[in-house]
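Novice: Using the hints provided, position chain B relative to the given structure of chain Z.
As a plain string of letters, each chain reads:
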Amino acid sequence: MSDLKKIKDEFLLKLKGKLNLSEINEIKSNLFGKNGLISSQFKRIGSIGERERKKFASDLNVIKDELQDLINLKINEIQNAEINEKLEKEKIDVTLPERVFTRGKIHPVSQTIDEISSIFSEIGFSVEEGPDVENEYNNFTALNTPENHPARDMHDTFYLDEKKERMLRTHTSPVQIRTMLKDKPPFKIIAPGRTYRSDSDQTHAPMFHQVEGLHIDKDINMGDLKGCLNYFIKEFFEVKKIKMRFRPSHFPFTEPSAEVDIGYEIKDGKIVIGEGDQWLEILGCGMVHPNVLKNVKVDPIKFQGYAFGIGIDRLAMLKYGINDLRAFFDCDYRWLNHFGFDPLDVPTNYRGLSR
Amino acid sequence: MKITFDWLKNHLNTNLKEEKLLEQLTNIGLEVESFENLSEGLDFFKVAKIIKTEKHPNADRLKVCDVSVGEKEIKKVVCGANNARAGLITIYAPPEAIIPKTKTKLVVAKIRDVTSYGMLCSESELNLSDESEGIIELSSSKYEKNIGKSYFSKSNSNLIDLSITPNRPDCLGVRGIARDLAASGFGKLKNTNEKKIKSKLKQTLKVKINKENNQGCGAFGSCLITNVKNSESPKWLKDKLVSIGQKPISAIVDITNYVMLDINRPLHAYDADKIEKGIIVRNSKSGEKFTALDNKNYKLDSDMCVISDHKGVLGLGGIIGGIRSGTEFDTKNILLESAYFEPSSIRNTAKKLNLDTDAKFRFERGIDPSSIEEGLNKAALLIKEVCGGEISKIDIQKIKTYKTKTIKFDPNLLKKIAGYTISIKEMLKILKDLGFKSKKEKNYLKLTIPSWRPDINQEVDVVEELVRISGYDKIKIKEPIKDRTKSTLTKSQKLFHFLQRAIASKGYLETITWSFTDSNFNNYFRGANKEIKIINPISSELGVLRNSIFSNLIMYINKNLDRGFKDLSIFEIGPIFTGYNPGQQNTVISGLSVGKKYRSSWIDKERNVDIFDVKRDVVQTLVEAGYNSYEFFIDCETPNYYHPGKSGRLFLNKGKDQIAAYFGEIHPNILKSIDLKTESLVGFEIFIDNLILPTKTLNNQKIKFNVSDFQKSERDFAFIVNKDVKAQDLINAISSIDQNLISNINVFDVYEGENIPENQKSIAISVTIQSSEKTLNDSDLENINNLIIKTVENKTGAKIRS
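If you read the sequences in order, they're chains Z and B. Sequential numbering from 17 applies to the first sequence in this note's numbering. Sequential numbering from 30 applies to the second sequence in this note's numbering.
One chain only, chain Z, in its complex shape (with noise of 0.2 Å):
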């Protein structure tokens, strides 16, 4: 009985003073270890009377935990202090720069592609492509733009021979013949890409972009060609209002032919669209002249359609305020960087087209 108190005793008082982790992993083993105290008292259980055996088992474990607890405790403490003291060391200044992270971007015009591709695409068009390098007769000559016509002045076209039967596609329309030529209708399609005129000053750059639009079925008429051009600016231009023109043009694969104007103001040097009365120019489009249907063999008493062309880069610099169309193309570091997109704002019609 007296043994047991007397460790009890001593190691408690022991355990009072200050102590660091060693010491106390000291007095650990000297309790609990293999020979310690504490463990030999318990190897003792056995050769104890039966009648004292229950109460001094009772008692040595009482012991055991009072002491054990107290261990634990304090190698808590010494380990909380430790942390503090290495936290108290530990302060950096947050303020230095962060490690660097290079964004990317993409170009305004890929932008403004992804986005009309998105709208369109809720309309049920599909994309179309066609090349670059075009053939007199898809460019020029199924387009009902027979040679010498004087519509072929009105584009300054880039030849690749001397016989003038190879050139760079003055407009994304052979796109049309292309398609129209490949597939059976109804054609519902917008072909956006590069288009060239040999033509070059602060609004005119010998390459731009252009995307064309093209819809044949049995019905198509004018008013559908209206619904859906009105339905692409506004939600292009993400105003719930537009002021669109249609204005009597020419071109010679459409019949009637339009332009199509609309409303703007300038409001503190930005442009506003669907606002004011001032008309600003966007695009081209007209019935599918019949000519253009014999040429790729559908036949113009069944089917008819419309077809639009649109300037690109002109939208992008309407959209996103841009003055200067050469600077699409000068990949100046600081405009692309202004002016360009984060990858991830890809345009989506759920999450709409810009942020």
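For the record, the hints were derived by calculation from the structure and aren't laboratory data. Each residue gets a CB set at the ideal place from its N, CA and C atoms; glycine is no exception. Worth double-checking, as some hints may not be accurate.
As the list claims (entries may be wrong) - Once the Cα atoms are required to be at most 25 Å apart in a straight line, the calculated SDA-like pairs of lysine to any residue come out as:
| hint | chain 1 | residue 1 | chain 2 | residue 2 |
| --- | --- | --- | --- | --- |
| 1 | Z | LYS234 | B | ASN239 |
| 2 | B | LYS314 | B | LEU230 |
| 3 | B | LYS520 | Z | PRO201 |
| 4 | Z | LYS259 | B | LYS507 |
| 5 | B | LYS588 | Z | VAL116 |
Unchecked claim - Each pair of labels, with its calculated beta carbon distance range:
| hint | chain 1 | residue 1 | chain 2 | residue 2 | range |
| --- | --- | --- | --- | --- | --- |
| 6 | B | GLU125 | Z | GLY337 | 37 to 43 Å |
| 7 | B | LYS520 | Z | ASP358 | 49 to 55 Å |
| 8 | Z | LYS286 | B | ASN111 | 56 to 62 Å |
| 9 | Z | PRO316 | B | LYS505 | 20 to 26 Å |
| 10 | Z | GLU181 | B | PHE527 | 34 to 40 Å |
| 11 | B | ARG744 | Z | ILE64 | 55 to 61 Å |
| 12 | Z | LYS50 | B | GLU787 | 58 to 64 Å |
| 13 | B | LYS413 | Z | PRO316 | 50 to 56 Å |
| 14 | B | ARG744 | Z | LEU37 | 33 to 39 Å |
Specialist: Same frame as chain Z, now just chain B:
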């Protein structure tokens, strides 16, 4: 086409305002391109009289004139004209006036120490004629009473510039425009009350049109006007021409121009005395020469339509006349021509000779073939009125007759095409106003097309007329149906868009550059491709189609380095060209990266961008696009514009069918040649058309999810190999052992130097071994270890490092 409202009113009765006119013109497809007030500021120019002149004290050739403009105050004007003299009535421009020719504003200025208040004007300075010698002399009998008044009669008419589409030659005359306006309800078209030549005189100059193949002249009408006195045009005519920005020349020329502008009927006046015997309209012979009215000599090809006499070519029919038979102020007898030339013939000739004239512009679009007589009547009578003389009868030679076109028009077509309709009555009214004759027959209208409308050939053209005149605003919007039967993008289009954004997300700025480039730059990156020249480039620096995107990218990298940016990455996705034919192009995504990573960073170690940066971007992008990097095969055969030792070629699989990409350092010689100053330049090209489209869609790729929870163990190996052995060879050897056990292979060290024999290197690889069926025991692992060592040693000649 330039017009004024005043001129329009010669053909149109209307009370409507100019503002409404501009709107209406645009609404009916005659787009108003610009609008300018020409008479603005012209009231500055006053009729004035020189009171006296003195020699300038400091200049021999200058005079100081006292000028009266009807006020008390006399203006002192310094003038250099020889004809400046006391008593002369001329035109005075005060300070603030803007000189029409030079568009400069006058100011009070000291000329050699004498202050000059304004100036006295020459005809040329006022755009009245080309006469620049001396100041204007006005007749004192006519102008004495006008001193102090404005010289130019007050005109409120503004200059309206219309963009007339090529299908509407009839609107290249004021009357045609008036007709369209009247049809649309803007006023009423005036009757012409056309007077006709009444003459008993014969046209004595013989005209013959040769019947030849491709004869470009269908009809040649003419009359002689004898004993004329050519002079300046009367003021009303000058004013009219000046009002649309044309310069008056002489009465005869001005009248022919006036008739052309008024009713779109080009005419030509010859000095009849200079014509040898008679007129022959024929095809030119190759090598024939003539001097045209533009004072240029033209050498003709064969088969151009020329007007000639028995001596030779007088002019190119419908394009330009010749000097030899041109009219002058002393011309006595004239032959007036009014002919019909074939548009295609005109165009061919003008294109070959690179000639553009007002007449050519009109004939190539199609002149009203039945306006020959009207033109002669109108012009000849005017000439007689102004210049006197006797007019002969009209002579018309024809080898073709113009057939009146008729169209059967189904009125239901309007609704079918335009989506709306108007009553038959309205249709008939519009068509009548436009000059159509119509007859109702059963279910359709039989329409006779006006001779001045070469653009109307089928029913749909009539629909356009009806929509145009009744108004495009009548077309009702039909909302589009939101229905998709076909997917928007094809697989390859999806891949294009994915790769574009995947590369951008690796830190590259997307650029768009021309599809053509400088042939010098192109040659660096042309490889084995042939050069594709543009026949008519914008400039010699943009003379060829690009064989690689690098030529443009490297040029722009250099420009940005010049702007002071040291570290940047740019890319472009687009076409490169392999031949002259449509379709001989490939879509490529190319990127360049220049400079350093972590330049001057407080935290990261600075280093040059290198091949393994671009390799990561290429491999990672392809992996993101759905390709399995375990199957990639890489070798070092690259085009000559890459560094031969630091570049690679990537295939999607060991089959090596098509090159998926190149990556590496750009050849240092190219940097040297173009003087590109940087620490490092690396790049890549991914050939999108060569990427086999993944056959599995994402949803069937993701069905199986198998992972092993059995213990894995990692073993490290160091092999000594010959230097030319590739890490890829070792990895392939190890992965060939057992796909089910080897779950990862990682190269963690490459070492050459001390303790390693020359021409050899040590490659350290860590291999993760894990079974999906059981926990591997020591002897299993030992077996695999030995197998790895044995396989690598056998396949690559490596030795395990002990």
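Novice: Does each hint fit the structure? Answer for all of them.
Specialist: Comparing the hints with the structure gives:
{"no.": "1", "hint": "LYS234(Z) x ASN239(B)", "in the structure": "violated (51 Å)"}
{"no.": "2", "hint": "LYS314(B) x LEU230(B)", "in the structure": "violated (35 Å)"}
{"no.": "3", "hint": "LYS520(B) x PRO201(Z)", "in the structure": "holds (22 Å)"}
{"no.": "4", "hint": "LYS259(Z) x LYS507(B)", "in the structure": "holds (16 Å)"}
{"no.": "5", "hint": "LYS588(B) x VAL116(Z)", "in the structure": "holds (24 Å)"}
{"no.": "6", "hint": "GLU125(B) x GLY337(Z): 37 to 43 Å", "in the structure": "holds (39 Å)"}
{"no.": "7", "hint": "LYS520(B) x ASP358(Z): 49 to 55 Å", "in the structure": "violated (25 Å)"}
{"no.": "8", "hint": "LYS286(Z) x ASN111(B): 56 to 62 Å", "in the structure": "holds (58 Å)"}
{"no.": "9", "hint": "PRO316(Z) x LYS505(B): 20 to 26 Å", "in the structure": "holds (23 Å)"}
{"no.": "10", "hint": "GLU181(Z) x PHE527(B): 34 to 40 Å", "in the structure": "holds (36 Å)"}
{"no.": "11", "hint": "ARG744(B) x ILE64(Z): 55 to 61 Å", "in the structure": "holds (56 Å)"}
{"no.": "12", "hint": "LYS50(Z) x GLU787(B): 58 to 64 Å", "in the structure": "holds (59 Å)"}
{"no.": "13", "hint": "LYS413(B) x PRO316(Z): 50 to 56 Å", "in the structure": "holds (53 Å)"}
{"no.": "14", "hint": "ARG744(B) x LEU37(Z): 33 to 39 Å", "in the structure": "holds (37 Å)"}
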